[in-house]
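Participant: Could you put the whole structure together from the sequences, leaning on the hints where they help?
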Amino acid sequence: MRVMGIDPGLRNLGWGVIEVAGSRLSHVANGVCHSTGEDLGARLLSLYEQLTDIVHRFAPEAAAVEQTFVNKDGAGTLKLGQARGIALLVPAQYGLTVGEYSPNRVKKTVVGVGHAAKEQVAHMVRVQLPGVVLAGPDAADALAVAICHAHYARGIGRAVA
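Taking my numbering, the leading residue of the sequence shown gets 469, the next gets one more, and so forth.
Don't take every hint at face value.
[To be verified] Derived lysine-lysine pairs resembling DSS-like cross-links, with alpha carbons at most 25 Å apart:
(1) K586 <-> K576
(2) K586 <-> K547
(3) K586 <-> K540
Keep in mind that the hints were calculated from the coordinates and are not lab data.
Facilitator: What follows is the structure in C-alpha cells.
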C-alpha cells in the first residue's frame with residue numbers, strides 16, 4: 469500500500485510518500501510545497517495545485533494529515549487550518565481515506581516519546597527509511613505522519629488521535 473503523509477503549513481506544506489508491504493516500509497518520495505502569491509486565496513490555490521500534482525504523480529492509496537494545535541495566535545491558527553483544509557481536500561478528491569493524527573501521536577509512534585524535537589523525528593525517519601534524503605524538516609514530519617498511519621491504519625480504517 470502506498471501512503472502519503474502531509475504536514476500542513478501555509479508557507480511550507482511538507483509531503484512524503486512511502487510504500488508499505490507488511491511490516492516493511494520504504495521511501496518513495498518527499499518534498500515541500502511552497503505557497504506563492506500575495507493574498508491568502510492565491511497562496512491556498514498554489515498549495516492546492518502543487519499537492520494535486522503530487523497526488524496525481526505518486527498515486528497513493530491512503531493519506532494522513534497531522535492535526536493542528538491551537539496556539540495563542542488565533543489568526544495564525546485559522547490560516548493554518550485553511551492550509552490543513554487543502555491537505556484534507558486534495559486526497560479526498562482522489563477518493564482516499566484520510567487519517568488524522570495529533571503531533572504527539574506521530575512523535576510517540578516514530579520516536580517513542582510524544583514531545584520529541586524535530587531533529588529526533590528526522591533522525592528516526594532516516595532510521596526507518598534507510599537511504600532517504602529529506603527535503604527539509606517539513607518533509608521529515610510528513611514522512612513521520614505517513615509512518616504513523618502505516619502503523620495505525622492496519623485494519624482500523626480512519627484513525628484519529
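Participant: For every hint, state whether the structure bears it out.
Facilitator: Outcome of the hint check:
1. Proximity of K586 to K576 is assessed by CA-CA distance (about 12 Å); at most 25 Å being required, the pair is judged to hold.
2. Among the hinted pairs, K586 with K547 is consistent with the structure: their alpha-carbon atoms are about 22 Å apart, no more than 25 Å.
3. Taken as a hint, the K586 and K540 pair is honoured in the structure, with Cα atoms around 21 Å apart against an allowance of 25 Å.
Going through the hint list in order, the structure satisfies each hint without exception.
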